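Start from chain A and add chain B according to the hints.
Spelled out from the first residue to the last, the chains are:
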Amino acid sequence: MQSSDHIVTSFDQEITSLNEMIARMGGQVEAGFAGAVEALTKRNSEIANRTIARDVEVDQLEEAINDAVINMLVRRQPMADDLRFVFSALKIAGDLERIGDHAKNIAKRAVTLNSLPRIEPVGSIPRMGRAVQRRIKDVLDAFNERNATKAMAVWESDTEIDNMYNSLFRETLTYMAEDPRSITGCTHLLFIAKNIERIGDHATNIAEVAYFLITGEKIEGGRPRGDLDETSSYGTPAERTDARA
Amino acid sequence: MSLAETEGAAPAQSGQQGGEAAPAVNEPKMTARDANVYYGDAHALKQVDLDIGTNEVTSLIGPSGCGKSTFLRCLNRMNDVIDGCRVVGDIRLDEEDIYHPSLDVVQLRARVGMVFQKPNPFPKSIYENIVYGPRIHGMVNSKGDMDEIVESSLRRAGLWEEAKDRLEEPGTGLSGGQQQRLCIARAIAVNPEVILMDEPCSALDPIATSRIEELIDELRQNFTIVIVTHSMQQAARVSQRTAFFHLGILVEVGSTEDIFTNPKDKRTQDYITGRFG
Chain A
405 MQSSDHIVTS FDQEITSLNE MIARMGGQVE AGFAGAVEAL TKRNSEIANR
455 TIARDVEVDQ LEEAINDAVI NMLVRRQPMA DDLRFVFSAL KIAGDLERIG
505 DHAKNIAKRA VTLNSLPRIE PVGSIPRMGR AVQRRIKDVL DAFNERNATK
555 AMAVWESDTE IDNMYNSLFR ETLTYMAEDP RSITGCTHLL FIAKNIERIG
605 DHATNIAEVA YFLITGEKIE GGRPRGDLDE TSSYGTPAER TDARA
Chain B
61 MSLAETEGAA PAQSGQQGGE AAPAVNEPKM TARDANVYYG DAHALKQVDL
111 DIGTNEVTSL IGPSGCGKST FLRCLNRMND VIDGCRVVGD IRLDEEDIYH
161 PSLDVVQLRA RVGMVFQKPN PFPKSIYENI VYGPRIHGMV NSKGDMDEIV
211 ESSLRRAGLW EEAKDRLEEP GTGLSGGQQQ RLCIARAIAV NPEVILMDEP
261 CSALDPIATS RIEELIDELR QNFTIVIVTH SMQQAARVSQ RTAFFHLGIL
311 VEVGSTEDIF TNPKDKRTQD YITGRFG
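Line by line, the protein sequences give chains A and B.
If you read the first sequence in the working numbering, its first letter stands for residue 405, the second for the next number, and so on.
If you read the second sequence in the working numbering, its first letter stands for residue 61, the second for the next number, and so on.
Calculated from the structure, these hints are not laboratory results.
Watch out, some of these pointers could steer you wrong.
Claimed, not checked - In silico negatives: residues of chain B with every beta carbon more than 12 Å from chain A:
| id | residue |
| --- | --- |
| 1 | E87 |
| 2 | E116 |
| 3 | R146 |
| 4 | E155 |
| 5 | S162 |
| 6 | L163 |
| 7 | Q177 |
| 8 | M206 |
| 9 | E208 |
| 10 | R215 |
| 11 | K224 |
| 12 | E253 |
| 13 | S262 |
| 14 | R280 |
| 15 | D318 |
| 16 | F336 |
Said to hold, decoys possible - Pairwise CB distance ranges, derived in the manner of DEER restraints:
| id | chain 1 | residue 1 | chain 2 | residue 2 | range |
| --- | --- | --- | --- | --- | --- |
| 17 | B | V148 | A | D545 | 50 to 56 Å |
| 18 | B | D265 | A | E564 | 42 to 48 Å |
| 19 | B | G125 | A | E564 | 54 to 60 Å |
To be verified - Heads up, incomplete: computed chain A residues facing chain B, CB under 7 Å, no partners named:
| id | residue |
| --- | --- |
| 20 | D409 |
| 21 | H410 |
| 22 | A484 |
| 23 | G620 |
This one's a predicted model, so the numbers in the text were calculated from it and none came from an experiment.
Where is the CB? At the ideal position from N, CA and C, for every residue including glycine.
The shape of chain A in the complex, shown without the other chains (with noise of 0.2 Å):
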């Protein structure tokens, strides 16, 4: 936690505010994702609604953090590790919301799938979903316990998230060259997977804000990455970059 000793005592309560706030926010995007990924895997378009709706109130968090953001910069000018913990949330705050768009996308092509025979390739989904919930949720404790190490772990742990990816993404072009009546279905899905994909990225992003605000150093090096070439992969390299920028 942010150390609270300052000698002006309302503003360390606007730290355990901001700290609360992106907690709040961290949650409802854990189980708005882990919904949208159920609502799928249970082809079950109540749950996706509600995973739906619930990213109306990540949109209003981020909001919220958004102006107490910069409430604080305006009015404590913080410095060493108090800027560096305004300036990850705002950041973390931006990724979180990007995760809940992506959450929110996935629920509604769940309920599209849903109206349409079952196809194979979604007994993939489960397990890219699971790898890709455990780092949000690593990621989300290490901010909390300001640890760098998990941090870095998560951080370093992407290239698992693309391979799934890959894998996936193969699967089902052979499903698709199989069975053309799938395309529909097996289109969708592949969308759904480059959801999760980048939802993996932005944790990654979370993990190297995390990293700055505990050790006030940047992570050193190129992330690791396990992207397909540029000729197979879906999406140019121009929006892969942007994902990840």
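Showing chain B alone in chain A's frame:
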């Protein structure tokens, strides 16, 4: 010699990793080694090692009574005039020991000028305020010389346009911010190499403060500047290097960016984030 070479009791070097040199002290203009100051029995400054980089702004920060102004005054021997004050240690300007018995203190103070917290123009005309120093140092021989030095000093201090039509009016008639710029003009009239500033903006409003800060940034091209300030934001805005003092000790020195985003010493962090009890 850089601070990084002084091992042992050396202060934390922000931004320094694995023995790399601390952020650019390009050719130090002034160096202090084992600098100690005593006021009677009180040990006000303890074993300070610090480099002042050429054409850099170095800011000295710390709570009241931490020794930052005491250190500043060591740099042009202003402590000499304080009763019971004793300076021990090695302080050099361009590698020359400024406490050497043969050193002319008046000459030293021409090379290392000073601007104080409260603007203190002489109770004379603006013109006389500027030419006073050059005259006692024998730098001017004619009215032409003096006119030239008045204009160039006022221009460099950003006061020429405001003062050119009232050069014969008393300096004390100017506004606070103008008076402070007059004091800076007076300090640079003798063409010093280093300018020491002891909280130069603490008596000024925000606009006058911005003018002085802008001026500090311009003066850096030609002068080495050391500034004591209580405003962390000011230190962050104007300086390239920041040194944090506490209880007479130099706790940490480093690039200004490192000190304010990622200080290495907990005392620095507690001070700049407002946690000192």
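Structure-based check of all given hints:
Against chain A, the non-interface label of E87 of chain B holds: every CB pair exceeds 12 Å, the least being about 29 Å. Against the 12 Å criterion, E116 of chain B stays outside the reach of chain A, whose nearest CB is about 21 Å from its own CB. Distance check on R146 of chain B: its Cβ is at least 34 Å (rounded) from any Cβ of chain A, clearing the 12 Å threshold; non-interface status holds. Its beta-carbon lying about 35 Å from the closest one in chain A, E155 of chain B satisfies the requirement of being farther than 12 Å from that chain.
At roughly 45 Å from the closest C-beta of chain A, the C-beta of S162 of chain B stays outside 12 Å, upholding its exclusion from the interface. A cut-off of 12 Å between C-beta atoms confirms that L163 of chain B is not in contact with chain A; the least separation is 40 Å. The non-interface label for Q177 of chain B is consistent with chain A: the shortest C-beta to C-beta separation is roughly 22 Å, beyond 12 Å. With a minimum CB-CB distance of about 45 Å to chain A, M206 of chain B clears the 12 Å threshold, and the non-interface call stands.
Taking the minimum C-beta to C-beta distance to chain A, about 43 Å, the non-interface status of E208 of chain B holds against the 12 Å cut. Annotated as non-interface, R215 of chain B keeps its C-beta farther than 12 Å from every C-beta of chain A; the closest such distance is 34 Å. No beta-carbon of chain A comes within 12 Å of the beta-carbon of K224 of chain B; the shortest separation is about 38 Å. Even its closest Cβ contact with chain A, about 32 Å, leaves E253 of chain B beyond 12 Å, as expected for a residue assigned away from the interface.
Distance check for S262 of chain B against chain A: the nearest CB is about 17 Å away, which clears 12 Å, and the non-interface claim stands. The claim that R280 of chain B lies off the interface holds: its Cβ sits roughly 23 Å from the closest Cβ of chain A, which is beyond the 12 Å cut-off. Non-interface call for D318 of chain B relative to chain A: violated, since the shortest CB-CB distance, roughly 8 Å, does not exceed 12 Å. A beta-carbon of chain A comes within 12 Å of the beta-carbon of F336 of chain B; the shortest separation is about 7 Å.
Restraint check, V148 of chain B to D545 of chain A: a C-beta distance of roughly 53 Å satisfies the suggested window 50 to 56 Å. Taking the beta carbon of each, D265 of chain B and E564 of chain A are about 58 Å apart, not inside 42 to 48 Å as hinted. Checked against the hint of 54 to 60 Å, the pair G125 of chain B and E564 of chain A passes, with Cβ atoms roughly 56 Å apart. Interface hint status for D409 of chain A: upheld, as the beta-carbon distance to the closest one in chain B is roughly 5 Å, under 7 Å.
Annotation: interface hint on H410 of chain A holds; nearest CB of chain B at approximately 5 Å, less than 7 Å. A cut of 7 Å between beta carbons decides the hint on A484 of chain A: the least distance to chain B is about 5 Å, and the hint holds. Satisfaction of the interface hint for G620 of chain A is found here, the shortest Cβ-Cβ separation to chain B being roughly 3 Å, below the 7 Å cut-off.
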